[in-house]
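Colleague: Next come the chains, spelled out residue by residue.
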Amino acid sequence: MGRWLALRVVQALLTFVLALTLLFALMRLAPGDPIQRLEGERPMSKAEIARLRERFGVDQPIWRQYRTFLGGVARGDLGTSIEYNRPVTAMLLERLPATVLLGATVILVNFTLGIWLGVRQARRRGSREDRLLTTASLAGHAMPSFWLGLVLAWLVGVRLRWLPSAGFSNPLLGPDAPLSARAGDIAAHLVLPALTLILVTLAGTMRFQRAAMLEVLRLPYIVTARAKGVAERGVTWRHAWRNALFPMVTLFGLWLPLLVTGSVFVEAVFAWPGLGSLAASAAGNRDYPLLMGTAILAGALLVGASLATDLAYAALDPRVRLS
Amino acid sequence: MTRSAPATLLLLALLPVVPAAAQRPASSIVIVTGAESSMPIPTLMEGPQSNVANFEVADHLFLRLANLGPGLVTAGDRGFVPMLARSWSRRDSVTLVFELDPRAHWHDGAPVTSRDVVFAFARARDPAIAPKLATLTQHIAKVEADGDHRVIIRFTHPYAEQLYDATWHVAPLPAHLLAQLPADEVARSPFVEHPVGDGPYRWVRRVPGEFLELAADTTFFLGRPGIDRLIIRSVGDADARLNLLLSGQADAMDNVPPPLSNLQRVAADPDLRLVAVPSSTLGFLLFNQRARRDSTRPHPILADADVRRALVLALDRQVLVRAVMGEYGEVPFGPASPVLWIRHGAGTPLKQDRTAATRLLAARGWADHDGDGVLDRNGVPLALGLNYPSSSGVRRTMAQLIQEQYRQVGIRVDLAQSEFPVYAERRDAGDFDIDFSSTVQDPSPSGLTQSWTCAGGTNRAHYCDPAVDSLITGAIASQGDTRTTWRQVLQRIERDAPAAFIYAPTYVYAVNRRYRDVTIRPESSWISLWRWSAGPAGARNQAGY
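Residue numbers (the numbering used here), protein chains in the order written: chain A, 1 to 323; chain B, 1 to 545.
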């Protein structure tokens, strides 16, 4: 187990460094200059541009920039954002809570509801309910998230005014407001972006779970369980579902990076101050340090999720040996 | 797991959670803007921080010696509005003396003194600290204190915009808080996280990625601001900004974004009113007079002034502006946006005249010899590339209309849309035939030097007319009435046609009707906000706060 874990960690680290190197090189090979872009519509002198290039190190050869970047990462210093002139680490930490809240809510609801509905569909295969749920979930899946977000924001936020149309919190609610009031306020702002993401992603979880359950429900031991007189609920949840859980573990591992990057458009439409929109603007602005910072976070999460998935497999199935 | 458990969980998660009862105070305002202010500190707004978001927040926190008057005239000593300086006088042609208002104080209670003014100018004039400001204040020779409340500013030579240079670019900083800090450490100091100013509003907090909160300085020496709490909410996405406004989560919004239907949506809301403000923006087709990627050779088509004039005449610019901006825009005369005072009486833009355009082109040998619908000369088609950034909806839409208008006179235009960093790189490398440029102008006409003189730092199209250079130099150096000279500059540039000046938009702001005495200024949108007052908040539902 220990040897396996060490090997997997080394393997994961190598993958991580390779991915970062590729991203680093691709960003710099892409056309568009981060400093010239800053000029925007207000002209800067050549001397000013040269000074900024020197300050942010983009006047250096690419290999030297890479060396500086790696050295910084080793020291825990992700550099300074070119666009915001602030430490990247601080910016990531500021945005992380909103991202985690949205991502965790979506994943929690998605998996809870998706698994339950998937199992229900499998048990009622071919029924009217099965067909209806399939159609409804696929309709949600087919809708682009930004479009659905715009519609929900307009309908629920602007027309009906049931919920805030955008933002993370009510700025008029001061920091000295009671915790319950602030939590309620954030929850209200969370509903629409979370609902948008859940509606477009739920179908995947449902379909995975339904297919896995159907596979298991055909197996002889399920027939045996029924023959022994186990109640249908017990057959479903205790005997069948546990074995139909493996694809969901894989899916969960794939979903985790959503915490960082999976909701770029939804974050934009709902002005959700998370990491996704920060990464998107960093890419558009050629803000190399900020983009690499978000990539490090997303990469670490992906690698961590992959490791966690492997460990979960072993925990769920004693036949899987970590060697 | 019970059957009902997941459903209950889902219901709990999705049920509209009633937001906390946040009773809106009568005197608060939430302004939604597109960009986030991260360093609104005078002398630090350089390079990446030299943006409108920072300047506008700084205008609430820090006072200038004087502000521009209603006419936005930057020349001479009249028309300015006293702020930190209650008066000023001229000692001679190169010396101005300012008397500071002794009532002025910093938000920590310390009085504002001449030492603060001298300190801020010392920082601003140091090219190592503030290269842009150092250039803008290069004609200031010396700033010295005479007692606690008198400041003497000496200039290197007589010129028209001395008062403007002394008041507009630099707002005083609290020397008692910053003088001990090395200049290069200020940007990383706690002062940046919690600036202490002397303006009508004081700093409360910044919530990164969300908003910034300021509170009225109730002891502000020019009068207590009429609105107690100011929230500036930054939202990058234009649709989200509009939704915040229309849902009542914001009270005001700067520059309602295109398309025109957005304006109609705002106008239809009975709680909101539209306020039109002349903008400092100018959009133009810049004709490259040197060959693409080789600035040593003349451009094979656009080096010819008659061809450039034909390109201007071939366009119906009025139609372009109406189509994209409706009534909220105009065709400028020369490179003068509505904030430039020199534009008045300079002239009217040429109307479309396809016949004259075709005649001019024919005289230069351009005709459709091969009958393919595109003019040609010596076998070379009259084909030009038009570069523009994908980030600008206005330019994206107009580019297509321009392509069609040119097609009708036999000019082929190939559209080259790219994302902004790529667009900017090509533009700065001279890799374009026609560049659909947009610029934001300062109120001072001396800024024209940058783009429209032979040695201008941002003269990317290599336009050079020594007569224009001479007129601009003369206008800047003169201490008399320079209106006529500046008008001649604009007329001469129009005649040379280094560009087709397409649009000067009117920015449309949306403000809730409960605010009174609303004035929005072209040079800094919310600079007069402290003079606004708020009526009672309307009955709003919870979601609209």
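No lab work stands behind these hints: they were computed from the structure. Values in this document were obtained by computation on a predicted structure and should not be read as measured data. Just so it is clear, CB atoms sit at the ideal spot from N, CA and C, and this is done for glycine as well. Keep in mind that a hint or two might mislead.
[As the list claims (entries may be wrong)] Now the in silico label distances, taken between C-beta atoms and shown as ranges: (1) B:S390 - A:A181: 41 to 47 Å; (2) A:A50 - B:S390: 39 to 45 Å; (3) A:L155 - B:D414: 54 to 60 Å; (4) A:G76 - B:H176: 34 to 40 Å.
[Unchecked claim] Here are some, though not all, of the chain A residues that point toward chain B, as calculated from beta-carbon distances under 10 Å: (5) R51; (6) S81; (7) R125; (8) R161; (9) N170; (10) P171; (11) P175; (12) W272; (13) S281.
Colleague: Each hint needs a verdict: does it hold in this structure or not?
Modeller: Here is how each hint holds up against the structure:
1. B:S390 - A:A181: 41 to 47 Å: Because 42 Å falls inside the window, the suggested range holds.
2. A:A50 - B:S390: 39 to 45 Å: violated, 28 Å
3. A:L155 - B:D414: 54 to 60 Å: violated, 42 Å
4. A:G76 - B:H176: 34 to 40 Å: This hint holds: roughly 35 Å between Cβ atoms.
5. R51: Holds, because the Cβ-Cβ distance from R51 of chain A to chain B comes to roughly 6 Å (cut-off 10 Å).
6. S81: Since chain B brings a Cβ to about 8 Å from S81 of chain A, closer than 10 Å, the hint holds.
7. R125: violated, 18 Å
8. R161: holds, 4 Å
9. N170: Hint holds; N170 of chain A Cβ to chain B Cβ min 5 Å, cut 10 Å.
10. P171: With Cβ-Cβ at 4 Å, under 10 Å, it holds.
11. P175: It holds, given that the least Cβ distance between P175 of chain A and chain B is near 7 Å, below 10 Å.
12. W272: Given a least distance of 9 Å, the restraint on W272 of chain A holds.
13. S281: holds, 7 Å
Checked against the numbered hints given earlier, the structure breaks hints 2, 3 and 7 and satisfies all the rest.
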